[in-house]
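Visitor: What follows is each chain in one-letter form.
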Amino acid sequence: MVPLSWYLIFAAALFSIGLFGVLSRRNAVAILLGIELMLNSVNINLAAFWRYGDVLQMTGQVFAIIVFAVAAAEVSVGLALVISVYRRRNTVVADDINMMKW
Amino acid sequence: MTGEQIIFILVALFTLGSGFMVVTTRNLVHAALWLVSTLFGVAVTFALLNASFLAVVQVVVYIGAIAILFIFAVMLTRKDMRDQGPQTNRNWWVGVLLSVLTFAGLFFLLQGWNGLSKTASAIPAGFDAISELGNALISPDAYVLPFEVASVLLVAALVGAVYVAFNRK
Numbered sequence: 003m004v005p006l007s008w009y010l011i012f013a014a015a016l017f018s019i020g021l022f023g024v025l026s027r028r029n030a031v032a033i034l035l036g037i038e039l040m041l042n043s044v045n046i047n048l049a050a051f052w053r054y055g056d057v058l059q060m061t062g063q064v065f066a067i068i069v070f071a072v073a074a075a076e077v078s079v080g081l082a083l084v085i086s087v088y089r090r091r092n093t094v095v096a097d098d099i100n101m102m103k104w
Numbered sequence: 451m452t453g454e455q456i457i458f459i460l461v462a463l464f465t466l467g468s469g470f471m472v473v474t475t476r477n478l479v480h481a482a483l484w485l486v487s488t489l490f491g492v493a494v495t496f497a498l499l500n501a502s503f504l505a506v507v508q509v510v511v512y513i514g515a516i517a518i519l520f521i522f523a524v525m526l527t528r529k530d531m532r533d534q535g536p537q538t539n540r541n542w543w544v545g546v547l548l549s550v551l552t553f554a555g556l557f558f559l560l561q562g563w564n565g566l567s568k569t570a571s572a573i574p575a576g577f578d579a580i581s582e583l584g585n586a587l588i589s590p591d592a593y594v595l596p597f598e599v600a601s602v603l604l605v606a607a608l609v610g611a612v613y614v615a616f617n618r619k
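As they're listed, the protein sequences go chains A and B.
Count along the first sequence starting at 1, add 2, and that's the number in our numbering.
Count along the second sequence starting at 1, add 450, and that's the number in our numbering.
Hints listed in this document are in silico derivations from the structure and should not be mistaken for laboratory results.
Values in this document were obtained by computation on a predicted structure and should not be read as measured data.
Hints are supplied without guarantee of correctness; some may be wrong.
Listed next, the in silico SDA-like pairs over lysine to any residue satisfying Cα-Cα at most 25 Å (straight line) [claimed, not checked]:
{"hint": "1", "chain 1": "B", "residue 1": "568", "chain 2": "A", "residue 2": "103"}
{"hint": "2", "chain 1": "A", "residue 1": "103", "chain 2": "B", "residue 2": "537"}
{"hint": "3", "chain 1": "A", "residue 1": "103", "chain 2": "B", "residue 2": "610"}
The shape of chain B in the complex, shown without the other chains:
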């Protein structure tokens, strides 16, 4: 066991435990706060993978924007749930069954694949991943079109969200 493996295991356990709390806690404000800690664990995972830009974006966009949006939504729609009554529907055991089956299926699928024990090659010296990423995002030879389409999608979604949630009274 190297230090990196121990750190990975700790981060993974922390993230999975928080994720489990997100889907099982009765109080939705607590679930949203557990989501923050899950997202932070994922950000640390990105950092372990040397994807520094993704780690920063994860903290800024997911924790800073999306999780706060969730907390607002929970507080705006709080009156009737009040953490009473069952939080899961009648068919919750089907959900358990399907998610366990999904995990088992993915696990066995991965077992049969021979690229699994691959370890990462060293990042070449002088390779700047962030500037390469920026070039890839705006270069016409690479991904400028998906990038622009994603921007248009985001603008359209935000306009649509304002329209849908607008109070017409």
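For reference, chain A alone in the conformation it holds in the complex:
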């Protein structure tokens, strides 16, 4: 039987990889890819705590489903913004999108 710590450490490693992607990539689409990795690692944690806690309480899975919905909303709005910015400014490099920077 796999102990709980393996799942938690696995999720922490996936979260850190996603964090690196978010912090260091220049392309805005690649930043969104990193955010997806981080959201997935959170979902692993939620499912693991459901399985290793009280199985009869569905809270962990319900939260994971809500995270799914929020991730879909986030990615649709984020990619729409990237495409809109690309159409107007002809760039997807996050450093160049600075029209709101004072």
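Given the structure of chain A, go ahead and fit chain B onto it with the hints provided.
Guide: This is chain B only, laid out in the frame that chain A set:
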């Protein structure tokens, strides 16, 4: 080492390796395809955790919708990046440092917690997790309100995405 542990280690290594490729590959189409394999690894992890509904939703929603959306977005915004020039910004070492620190911090935090070596209790016979999940999602005593709020959020986000990406010419 039991068989389940070996399967878990293989799946975890596969997922972490694909995740590493997602954030380091130069070609963004390849990064999106590596994301598909990462998401598939996470789906297998859900299956290992007996969360069958989450595993199916992971494949349908994440791989079927979100990853394909990413591939479309990469192809629509491709002209100027063309995989040339640096793919990481000047401060990439800060990103490395912060992510390593985050992992180390989480690791040491987990070390000090005594629920870690817990193993899963057996699922009681006759317990149907999927029907319980459905009941929890629509029962007024449980999570119907967060569920409806999430639906409204999703509709609002999709309408907003259409509005933002709409070409007015």
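Visitor: Can you list which hints this structure breaks, lowest number first?
Guide: Violated hint: only 1; rest satisfied.
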